[in-house]
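Visitor: Protein chains in written order, with the working numbering: chain A, 1 to 792; chain B, 1 to 792.
There may be inaccurate statements among the hints.
Which copy is meant is left open, because identical chains are indistinguishable; a pair holds if it fits in one copy or across any two.
[Said to hold, decoys possible] In silico DSBU-like links for lysine-lysine, alpha-carbon gap of 30 Å or less:
no., residue 1, residue 2
1, Lys291, Lys753
2, Lys344, Lys581
3, Lys445, Lys647
4, Lys143, Lys30
5, Lys62, Lys191
6, Lys191, Lys488
7, Lys83, Lys151
No wet-lab data here; the hints were simulated from the structure.
There are 2 protein chains.
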Amino acid sequence: MIKATEDNQYVELTSPTSLPKASGFLWNEKMMIHVNCRGYAVAQFMQPEPAKYSYAPNLEAKTFMQPEQPYYAHHPGRFVYIKDEVSGEIFSAPYEPVRKHADSYTFAVGKHDIQWKVIQDDICIEMSLRLPKEDVMELWRVKVTNLSSRKRKLSIYPYYTVGYMSWMNQSGRYVEDLQGIVCSAVTPYQKYQDYSKIKNYRDKTYLLADHQPTGWEVNHETFEGEGGLHNPSALQSETLAGGDARYETPVATLQYRLELEAGAEQAYRFIFGPAHDETEIEGIRQHYFVKQNEEGQDGFTAAEQEYAGYIAEGQGNIQIETPDSWLDNVVNHWLPRQMYYHGKTNRLTTDPQTRNYLQDNMGMSYIQPQIARAAFLTALSQQHISGAMPDGIILHPDAELKYINQVPHTDHCIWLPVCMKTYLDETNDYSILEEQVAFTDSEQKISVLEHMNLAMRWLIHERDARGLNYINQGDWCDPMNMVGYKGKGVSGWLTIATAYAFNVWADIGEQAGHAEVAAEFRQEANQTNAVANEYLWDGDWYARGITDDNVVFGVSKDVEGRIYINPQSWALMSGAADQEKQEKLIRAVEEQLETPYGVEKLAPSFTAMREDVGRVTQKHPGSAENGAVYNHAAAFYIYALYLVGEKEKAYRLLRKMIPGPDAEDILQRGQLPVFIPNYYRGAYRQFPRTAGRSSHLFNTGTVPWVYRCLIDGLFGLQGHAQGLQVRPQLPEDWNEASVTRLFRGAELNVNMKKDATVRTIEVHVDGQRIAGDIIKNIQADVKYEVLVKLPL
Amino acid sequence: MIKATEDNQYVELTSPTSLPKASGFLWNEKMMIHVNCRGYAVAQFMQPEPAKYSYAPNLEAKTFMQPEQPYYAHHPGRFVYIKDEVSGEIFSAPYEPVRKHADSYTFAVGKHDIQWKVIQDDICIEMSLRLPKEDVMELWRVKVTNLSSRKRKLSIYPYYTVGYMSWMNQSGRYVEDLQGIVCSAVTPYQKYQDYSKIKNYRDKTYLLADHQPTGWEVNHETFEGEGGLHNPSALQSETLAGGDARYETPVATLQYRLELEAGAEQAYRFIFGPAHDETEIEGIRQHYFVKQNEEGQDGFTAAEQEYAGYIAEGQGNIQIETPDSWLDNVVNHWLPRQMYYHGKTNRLTTDPQTRNYLQDNMGMSYIQPQIARAAFLTALSQQHISGAMPDGIILHPDAELKYINQVPHTDHCIWLPVCMKTYLDETNDYSILEEQVAFTDSEQKISVLEHMNLAMRWLIHERDARGLNYINQGDWCDPMNMVGYKGKGVSGWLTIATAYAFNVWADIGEQAGHAEVAAEFRQEANQTNAVANEYLWDGDWYARGITDDNVVFGVSKDVEGRIYINPQSWALMSGAADQEKQEKLIRAVEEQLETPYGVEKLAPSFTAMREDVGRVTQKHPGSAENGAVYNHAAAFYIYALYLVGEKEKAYRLLRKMIPGPDAEDILQRGQLPVFIPNYYRGAYRQFPRTAGRSSHLFNTGTVPWVYRCLIDGLFGLQGHAQGLQVRPQLPEDWNEASVTRLFRGAELNVNMKKDATVRTIEVHVDGQRIAGDIIKNIQADVKYEVLVKLPL
């Protein structure tokens with residue numbers, strides 16, 4: 001049903017109905033497209049806010065991406081109808097809208113392309129989608145092959161949905177000179193001030209073809225007729241009717257009548273995307289279909305190649321070979337790709353949440369650290385002189401803080417040292433601390449070091465008399481907007497996370513030679529941990545917080561929301577939990593939060609609103625986040641387990657984030673193992689039927705943390721001021737593993753072997769055993785052979 | 001294809017495909033439902049802003065109602081699937097989703113109900129929808145009759161779409177105790193401040209049945225399966241699978257397996273609507289299905305009757321019998337019903353545009369004038385002490401000015417006298433002018449008369465040095481947001497409309513005995529008309545305005561937007577146009593704006609943006625308003641024609657507002673003749689294919705003006721301070737007409753006859769000819785027989 005191809009470049013699915021929501025993602029610098037195995041697609045591009053060129057059949061809300069997005073007959077998509085002109089039979093590729101079961105079907109998700117191969121009645125349809133690197137458009141290839149031993153008369157109809165573009169104006173027509181369809185709309189607006197923006201929008205949707213079509217149809221109503229999308233009326237005629245759409249829902253459908261001898265094939269190429277005007281579309285046609293470069297390629301083919309190169313730049317800095325080949329495939333191919341997407345696009349928003357922006361760039365430290373460096377400076381340049389970090393980072397001059405970024409959260413500062421640590425580990429570039437940066441509300445420049453100190457002191461300032469951190473209307477990942485909106489409620493997690501941030505910052509200060517910073521924040525960390533233990537330890541685990549009305553919650557007396565994962569993970573990380581507490585809380589998590597699909601965010605799931613906690617509790621057990629296996633939070637627990645040496649449990653939970661390899665597990669998750677979604681459904685103990693299902697959301701802070709678990713934890717190949725520290729935590733049943741580690745310009749081929757003859761780790765570099773576990777003096781552009789012997 | 005029933009209670013359509021968008025409307029005090037002949041439906045209720053309980057399959061934008069709303073397979077709707085248990089054949093009523101052509105089909109739109117009767121394979125399905133008067137719910141009856149001569153084994157499946165309720169949470173289950181399906185959701189919100197509102201929302205959607213079902217299905221994905229909505233997979237099984245929906249799109253589907261002897265029938269009743277919780281739903285079940293009143297009726301039947309009575313209260317104050325029976329049916333039944341809807345519901349908004357609110361209540365003057373009276377006082381209580389009227393009238397404590405009401409328009413004051421005139425004509429209640437009313441920004445109370453004077457003087461103040469009225473970001477009905485946003489541009493229409501308002505106000509002052517008011521504003525009107533003639537007369541018609549950069553537009557030198565209807569209509573009304581100008585502008589309108597579907601709003605339609613005019617010009621010729629036959633504006637032109645005695649042209653244009661009676665005309669309009677839509681598509685000279693198509697929007701200020709054209713114009717039975725003024729303007733080919741006119745509590749049966757023997761109008765009351773044309777001393781509760789003799 002699902003398999004990775006031999007070269008590990010694709011994951012293939014052989015039925016469109018077994019995982020009906022299975023999808024692949026492609027993106028470039030300005031757009032993203034989420035493509036479903038059945039032919040549905042959601043594409044967004046930035047102008048500067050996310051916009052569409054293939055719309056739903058009604059006026060959709062402009063909102064952030066929905067989890068578990070529903071599909072329905074008229075959902076936007078890209079399809080090809082095929083009609084046998086002799087028998088009159090029709091089918092469609094890839095599967096929708098006709099939904100005829102093909103004799104053979106393959107959906108192949110690659111890193112830089114997505115492909116289908118559908119065979120029905122000895123006609124083979126191959127479709128592929130790629131993007132250019134910079135331009136906003138889809139590059140489609142469609143190939144028809146006659147596999148039968150007789151001549152076939154066919155019509156094929158590429159059918160690209162345009163949908164309900166705008167109530168203000170929408171129309172469509174075929175433009176002879178462009179050899180394509182152009183649909184026009186005006187983005188609705190009411191205030192004249194908005195006109196200066198919308199006048200430059202790419203409000204047209206076009207479909208360009210490299211072959212002149214036999215017919216076309218641009219009016220959705222006429223096309224579908226009374227037949228329905230599974231049997232469109234327009235296909236009854238010999239030739240599509242042409243005509244236009246005037247304030248009618250447009251569609252971009254072409255017809256090619258063709259005769260294919262036995263074994264013959266015919267290939268077509270199409271470009272689908274948004275444009276400002278027909279001049280721009282003509283330019284696209286010239287560049288992609290008409291002009292050729294020195295190698296005789298047209299722009300279409302050159303763009304496909306350039307895009308493959310662009311994606312290839314996003315590989316990570318480890319290539320692994322372990323006893324777990326399923327893990328190998330995911331880590332070598334798909335994880336860094338997902339991380340690269342986050343670092344490159346910032347989730348296609350102009351105001352990423354500050355914590356997301358910092359973590360996404362933490363991930364970029366493993367791929368293109370110069371981008372991460374710039375991002376840290378951008379973030380700090382938007383710090384307030386009070387030390388507070390804003391709720392979102394503005395990335396475009398026209399951007400503003402939207403949605404959840406208008407709700408004050410108190411955790412943003414902690415992510416600064418936590419994320420910068422990885423950048424420093426990877427690059428050893430402590431010069432970043434000396435960069436001079438201004439504020440959002442002052443032009444005065446101070447060093448990054450001082451900025452970071454200010455952020456840490458803001459966390460110290462925003463506390464109650466007990467020394468617990470205020471939560472205001474929220475902190476990270478449990479959307480609890482009513483715990484502290486009156487100004488008194490505090491966050492258990494944030495208090496503990498603050499201790500961890502202080503420790504990390506003290507470590508950085510130490511390594512950077514700022515002993516005073518180290519001393520100040522080490523002491524603050526210890527004090528904070530002590531406060532956490534005094535007020536938040538509940539006997540077997542840490543409480544989630546204390547409300548405005550002084551009610552401690554996330555504790556054993558609670559019937560719902562009794563235990564939350566985040567305070568436990570971070571108490572392992574911060575040092576708050578001593579050995580005894582560590583054991584207790586790990587047991588509590590195991591008993592109450594672990595499921596076959598990972599660690600749930602809280603349990604038992606809420607079934608009713610708890611007004612003194614707020615919004616999280618309105619998320620029903622079966623719903624998106626409440627009680628879900630929220631992978632971002634789960635990744636921290638795994639990270640924490642590695643920090644305290646719980647390597648067996650850590651590895652087991654890490655593997656639960658990746659769908660498969662069991663077919664049954666993949667079916668339950670409902671997604672291909674080409675990305676980690678932001679959550680799997682939880683409430684496993686209450687609602688097992690739906691537990692484990694993927695959100696299908698590609699955007700998640702999970703990925704850099706999984707990567708960090710691999711680098712710092714499982715393979716223990718973490719950067720250090722003095723070099724590369726080697727501290728693998730291989731699971732017991734692995735006897736060996738090898739990792740090619742790119743590090744500060746060098747390439748280290750690291751072979752790890754369990755060895756009954758050693759009692760502590762031994763590290764051999766180019767045949768020489770080194771003292772300790774830090775490989776020093778690593779030179780860029782040099783390859784090192786590293787042998788790591790590990791005790792059994 | 002279309003006919004009115006003999007009793008004129010229904011308009012019937014006999015094919016679901018001939019007018020696929022044909023719809024009926026039902027409403028009550030808190031909700032409205034727009035029901036399509038094919039079974040699609042859009043329902044909204046107030047909590048306090050418009051909300052839904054049957055949603056689209058995706059997250060729809062919350063916006064005002066869309067014109068020419070598109071339908072698609074998964075559009076919200078109410079359907080019944082029918083399966084022959086022996087043959088396995090399925091069809092659906094009314095038509096969607098299976099789309100099988102029935103042997104017989106009727107869609108009957110009534111004033112207080114909507115009915116279908118579908119016969120297929122000797123099975124008759126009758127469906128009807130009614131509403132209660134106050135509660136938010138749909139009352140459905142479904143009857144199955146075996147018309148064949150053999151026993152039939154059937155399953156019928158009421159299928160009510162619930163759709164994508166919320167990304168935050170959605171679920172559904174069958175509740176045994178309620179004998180129904182309950183779907184739950186949480187309205188998404190992010191700011192804790194919003195919780196106090198959403199916590200009381202009716203976020204549940206329920207379907208209650210009066211018969212225990214054989215099976216049910218609440219999970220849309222499972223129900224539809226791979227079969228598609230035209231052939232749902234769930235219907236393959238003997239019994240629906242039950243189960244639940246957990247963060248999955250819910251659906252409310254029941255199954256009834258039944259055996260019907262030849263000729264036998266089985267009736268079911270269902271209630272579909274929103275509720276806050278299951279306690280409320282249980283209360284509904286008890287009230288509507290369980291408990292009985294003294295007459296032995298349950299609440300369901302009683303509510304149907306009460307609703308019929310409620311709608312009957314909304315009849316107008318004329319019943320006509322003319323040579324034009326098509327007109328009779330529309331005027332006697334459908335026009336006042338549409339007017340009543342506007343007056344009762346204020347278009348289901350909490351902040352109606354001030355001009356809409358005043359005109360809707362102008363219409364209510366003909367039905368329930370006490371409601372109109374209260375509305376005028378409400379509107380004036382929101383006047384600013386500057387005299388300015390706000391852009392919208394706040395009708396609910398939680399309401400705020402939204403959408404277009406945030407854009408400053410300058411015309412609101414003119415509507416005060418214009419609309420109040422009708423109230424005074426109907427009631428003679430000049431006491432309203434003495435009511436003491438405060439302001440929105442001052443608690444000081446002044447009389448309505450003084451408020452009105454303030455409003456008029458504000459119009460005088462908001463003018464440039466030439467005496468032309470500023471347009472700011474807009475005035476009425478041509479959304480021109482860039483003519484005057486810099487503070488200089490002026491409106492030709494508004495200047496002329498101001499003159500008309502002054503004249504009307506002077507008339508009112510005169511009748512009320514305030515000679516000083518009459519004198520002041522008569523003079524202002526004359527001055528304003530003079531200014532209009534100086535700066536706006538273009539030689540053959542009046543210009544629409546002058547931009548910030550002093551460019552006169554809507555004039556003969558313009559290639560697009562050369563002539564606008566509004567300045568012409570109002571120049572006839574205000575007295576600006578003398579005899580010569582009247583003739584010229586009427587000819588210009590005829591040549592450039594008249595079409596088979598009415599008078600276009602402007603011509604030629606714009607094909608490109610004109611930045612110094614603004615948004616209207618971004619509405620493409622084929623689109624909603626630009627170049628459309630905007631009926632509201634067209635109605636003023638007709639009104640103006642009656643004012644200047646152009647009765648032939650007025651009647652001809654009036655009739656173009658009503659689809660039919662030609663089948664071809666109805667097909668082109670695409671709507672049933674049960675309401676006047678806000679527009680018909682225009683650009684007739686450029687795009688004849690789509691010209692004339694109905695917007696299908698029921699909300700429009702057109703209706704009270706059409707009624708006023710009938711009362712003041714065609715039948716000339718207008719109220720006057722001294723009584724009822726009789727000045728009919730029957731078209732030439734009418735020899736007679738009779739009107740039953742309800743007026744100030746009396747009933748006047750007016751027979752109008754052309755009579756070769758009279759040279760001027762003669763009015764006979766109860767057999768006595770009266771002097772002049774005003775019937776005086778009319779007593780409430782008395783019937784009068786009136787004979788009007790008209791010269792040929």
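Visitor: If a hint holds in the structure, say so; if it doesn't, say that too.
Guide: We went through each hint and held it up to the structure:
Neither within a single protomer nor between protomers do Lys291 and Lys753 lie at most 30 Å apart by alpha-carbon distance, with minima of 56 Å and 79 Å respectively. When the C-alpha separation of Lys344 and Lys581 is checked against a cutoff of 30 Å, the pair qualifies neither within a copy, at 40 Å, nor between copies, at 66 Å. In this assembly of identical chains, Lys445 and Lys647 lie within 30 Å of each other by CA distance neither inside one copy nor across copies; the values are 44 Å within and 79 Å between. Taking the shortest Cα distances, Lys143 and Lys30 sit within 30 Å of each other inside one copy (28 Å), while across copies they are farther apart (56 Å).
Taking the closest pair of Cα atoms, Lys62 and Lys191 come within 30 Å of each other both inside a single copy (18 Å) and across two copies (18 Å). Taking the closest pair of Cα atoms, Lys191 and Lys488 come within 30 Å of each other only across two copies (18 Å); inside a single copy the shortest separation is 40 Å, beyond that limit. In this homomeric assembly, Lys83 and Lys151 come within 30 Å of each other (Cα to Cα) only inside a single copy, at 14 Å, whereas the closest approach across copies is 42 Å.
Consistency with the previously given hints fails for numbers 1, 2, 3, ordered from lowest to highest.
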